[in-house]
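2 protein chains.
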Amino acid sequence: MKQPGNRSASRGQNGKMLDNFFRPESVALIGASSTPGKVGFDILKNITDAGFRGKIYPVNPKSDELFGLKCYHSANDIEGKIDLAVVMIPPKFIPDALGQCASKGCDSAIIISAGFKEVGPEGARLEREMRTVAKKAGVRLLGPNCLGVIDTDMHLNATFAAGMPAAGNIGFVSQSGALCTAILDWSFANSIGFSRFVSLGNKADIDEVDMIEALGEDERTSVIVGYIEGVSRGREFMETLLRVTKKKPVILIKSGTSEAGARAASSHTGSMAGSDIAFDTAFRQCGVMRARTVEEIFDCAVAFSFQPLPAGNKLAILTNAGGPGIMATDAMDDTRAEMARFKPETIEKLKSFLPSAAAFYNPVDIIGDAHADRYQSTIMALLEDSDVDGIVVLLTPQGMTQIEETAKAISYASLIHKKPILTSFMGEEMVGSGIDLLGKNRIPNYSFPERAVGAFGRMVEYESWRGRPLKKNIEVEYPRDETEKMIKRFTAHGRGAVSGERALRVLKAAGIKTPDYKIAEDMKKAKEFALEFGYPIVLKVASPDISHKSDVGGVKVGIGDEDSLERAYNEIMVNCRRMVPSAVLHGVEVHQMITGGKEMVLGMSRDPSFGPLIMFGLGGIYVEIMKDVSFRIAPLTEDDIDGLIHEIKSVRLLTGARGEKPKDIDGIKETIRIVSQLTIDYENMIEMDINPLIALDRGQGVYAVDARFNFQISE
Amino acid sequence: MKQPGNRSASRGQNGKMLDNFFRPESVALIGASSTPGKVGFDILKNITDAGFRGKIYPVNPKSDELFGLKCYHSANDIEGKIDLAVVMIPPKFIPDALGQCASKGCDSAIIISAGFKEVGPEGARLEREMRTVAKKAGVRLLGPNCLGVIDTDMHLNATFAAGMPAAGNIGFVSQSGALCTAILDWSFANSIGFSRFVSLGNKADIDEVDMIEALGEDERTSVIVGYIEGVSRGREFMETLLRVTKKKPVILIKSGTSEAGARAASSHTGSMAGSDIAFDTAFRQCGVMRARTVEEIFDCAVAFSFQPLPAGNKLAILTNAGGPGIMATDAMDDTRAEMARFKPETIEKLKSFLPSAAAFYNPVDIIGDAHADRYQSTIMALLEDSDVDGIVVLLTPQGMTQIEETAKAISYASLIHKKPILTSFMGEEMVGSGIDLLGKNRIPNYSFPERAVGAFGRMVEYESWRGRPLKKNIEVEYPRDETEKMIKRFTAHGRGAVSGERALRVLKAAGIKTPDYKIAEDMKKAKEFALEFGYPIVLKVASPDISHKSDVGGVKVGIGDEDSLERAYNEIMVNCRRMVPSAVLHGVEVHQMITGGKEMVLGMSRDPSFGPLIMFGLGGIYVEIMKDVSFRIAPLTEDDIDGLIHEIKSVRLLTGARGEKPKDIDGIKETIRIVSQLTIDYENMIEMDINPLIALDRGQGVYAVDARFNFQISE
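So the protein lines, in turn, are chains A and Y.
Counting from 269, one number per residue, gives the positions in the first sequence under my numbering.
Counting from 269, one number per residue, gives the positions in the second sequence under my numbering.
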């Protein structure tokens, strides 16, 4: 929240976010025009045609009257207060115009004009300049290079789109203006209504976070859909969406993948955690449903807009033909919906009026000669079953089929019961009139059964998200003074990479178990420590003068008993004396060796918009070849930690598959908690990788055996 | 091919498959009626309305004239030859009517009537009876309980569907009559034409294999689409499709999954190889493209119907708006299409006429103010680039957009160049006239960019399949006498299960390596054999009187040296003498122990329709938890074997990932070859499982270490 001053300035008199963009009492049209084909003409026409009831002030230095309205030569000439300015004059004139508007009390401006960032460096300069002027004047900007804004409740069409959509409860926000025009055109033909419609343009000031917040507050908006290409304020995006999605469903397309976001935390994380994974993870973590296609956006929008949410995931399928019924059933596999199992009394009821050739179990096939009344009785019987949470009704146009009457019967049932009904009237020409009727009665219809089932699946998904209580972010205490000092020391002289022993020391200081070691000045002590740790152990020469211990024969691993320890100790001493005769030898380091556990990888790569993207998986082949990893963005909740662990397929190797003992899941969780906290506390930590992290049996602990960090060093 | 007599009987005079169903010179309508609402009325009306030019013989005992045509009281009264009978009388009268038709030279009958298998056991009896009569009379049957047949070239509409589709090159075959009506209705509104349209009904005689063969032979059909729920002749299906798909694309929906097909070969195979996997595998093996939804069927049908195949997979995307261009690019990830990289001269050309704000690289954004001429010049420039194999053209309806003119420009370009062009004019009302024009000019249009890209991907997929030479099935020689004798002996007394040592002996006889063993009558011999095999080895007591050797302490595994061998030998002797004092001991079996390789699983589960479904994967967690397995249906080609091995993700563990030595891939292949042959040769082998199959390093061999078979025993 970097612009608190601006933000409060953008609240209208009733305190709602950006309210003057949607519910202004007066609009100044800077650059209104009487010349058809000009944007200034289209917008003036749209705003008057749509029946906006507030004051309209066209501004054009060359006109005295436009569309029967008094036209002002400049904003300065306007007598009253300006709530909203819609600006479509060449970029270089805009700063001045904004100043004039501000002097008339204007705090909100839609910059329709193009010619800014999108045309190159000079445009970007103009955009920055405009933003500075606006900020100083206390004016929030939408755009530039955008289509504008629609609020159907206020009859406000401040866009140059061709036509005004019907009023409805869908809020739409898009980073692509052209997509807006396509979606409006589609809405005209499909009985779809919008509450608010927003084109973001270049996002010089207002972005998707602001607008989704505003749509979230708007009472007439009950579902939010949108198209975004990128998010610059990732944290705010997540925080806002976490709140909004608990009130209303949000379905977004995020297109493209930013290469810049694909920086690598480790060789593993790097190859897999591109920023698209960050988006996917962020969306899931804050309850945004991600649509992969525009079709899916539409399918969801209509379902959420028209129908109540299901109380559970049990779906009944009703059809007048076997094939489509089977296809609908098949489609359920890809969703969180499940086939309802009817109560015995429901089946008895169905048997009492359906022909014997019908199928009484889900999917219910009322066969090809079904009239509307058979559809209606069946729908009512199914809706009365408390084990049914919703219905998908399929219709194929057969000889006896009553298309319009069936549409009416479905609409009637939908009025009586508070369970969602979705339909697929298959075909186009013959079923067209039925589909129109369904649309008018707010029954979502889909050309194909699979899409109806998919939309129900999304409703189930949302209902389950909405009902889940929000968990709070984990906070872990650890001796930060100590890690602070270490990291400062290790990253002195501009070295961002911290690895091996040093990285492990940081983790240990933060509370993560690492293999223990002690310095033994002689053989006797070494044996003592070895017994203390338990064999096998590792011996390393202890000398301030030898940095690459392995290179001089100063390391021996896998020492299994006292005899081997004696041999190893002596060999190390001989080797080091011979190879580095000048070195002072303080004896050996006796290192605990972690054996017999499961190797895991725990990494972090800082996403430029969302922050620390944590990755978890089993080590080696599971991460490298099977790509069996899970992601979350820190800070984490306990649910996130459970998700990280249980979303990997190979989790059964940790919980005790194939006769193995369960591993120390509590220890894994604690390690993840600490890592989450570290990545939050150290914003300059851009990469982190614990590999391997070894989980021993339950209660035996989890050890970081090797690790590395990468810090961004400012100097 | 179980009905060679019938099959030849169904060829028309020009020798084409089932030709009289599509190109009859005379049609008898058994049960024609003058009563609207009756099927006999609808079909008579359809056949006359469509303008069928052959002879039409209505048959109805109560009429002398129908629709101005002479009506016959029975088929016996018809003077001329009957090529095709369309039958819509009650089931019990049909056998007699078929006999009469046959006596008039009729060899083909469409049974429209319902009331057969679909209504229960009595109907099933009637269906069997009808089939017997028809077979005896040499009449091929389509149906019963079907919608009928359309051949647009012959103006033949022998269905009771509402309306006749436009002529075109799409052949459609469906097991669901209701889906036919929906698809016809959809075709009316979308400029889609069909060559032939077939409803299969109950498939008493003619099934999808026959009909796909017939559509394959039909010159006017250039793409085959269909809906099936099951296949009874799996082998013939695969053989036929393998031929047909090399001539024209075939896209099928297979809905539902048969539980009966999900029998388990092993605990692994069983849980994973349901018959849906068999379908998926069969489709891929014979080049059928599987559609998951009706929408996908449509999307593919239009693309293949209208446009030429691409020569390669390089796609150019052209758009007047950034967002949709990005979405189209994103969608390519799920296909085999790739983004084209333009030649430098193409980019120069684009720069010469596009505005500077355009994007000249793929996706090409000609920006929002693009008129039709800019679309046209860009399309032409892209089509002239030999590194471009096809184009997806996107259009959003913006202020300056010339919708119809752009549709014309695209159509013009499509006439000049032989590369596929697909479009997505986004929206509905405003873009409607453009979409109509595109349809008329055979440019497939999709509501959304993703679907256009998906359809291009299918074209690439098909082109690549069509170009791949057909490999021949592998045949392997092995001493079949020997395996024959063994299997007979092991499965005596009605025991179908053969496991452990016995199963390994069968595999060894067939040429698969198994751990070797020799019988040593004394300690000295045992040591000699152990040296021969190399340590470690396994010792087992050799006694005809001891069957469960482990239970009496008669087995010792992992014997690493001569000392251990001595101890083990003595212990075995002591144990056995004590536990089974009466047993005659012949010394010990010295078994080779296979260590250090990769464990794999090779299984087979015989699918009821398609035959031996071979499964391959790495053992243990890879198959059980990661489900990382591959499938093929035997008999296999060398390509299939490569596929089995290289389709598993964990193949890198076999080819030498992470610094390991590559395993004996040639040995794995040879083992799969032999297994394929065994499953073909032993049709009563319903399950087989080699687990583990161990692959040593390259050149060191592949060993079956444990195995089991399950044979169906007839007595």
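Some clues are possibly wrong.
Where chains are identical, the list cannot tell them apart; a pair therefore holds if satisfied intra-copy or between any two copies.
Stated by the list, open to error - Straight-line C-alpha distance at most 16 Å; calculated EDC-like pairs for lysine to aspartate or glutamate:
#, residue 1, residue 2
1, Lys708, Glu481
2, Lys306, Asp653
3, Lys917, Asp896
4, Lys338, Glu487
5, Lys516, Glu729
What the hints contain is simulated information worked out from the structure, not anything from laboratory work.
Status of each hint after checking the structure:
1. Lys708 to Glu481: Neither. Shortest intra-copy (30 Å) and inter-copy (46 Å) distances fail the 16 Å Cα cut-off.
2. Lys306 to Asp653: Neither, since 58 Å and 37 Å both go past 16 Å.
3. Lys917 to Asp896: Both: 6 Å inside a copy, 11 Å across copies.
4. Lys338 to Glu487: neither (34 Å within a copy, 71 Å between copies)
5. Lys516 to Glu729: Classified as within: same-chain Cα gap 13 Å, cross-chain 41 Å, threshold 16 Å.
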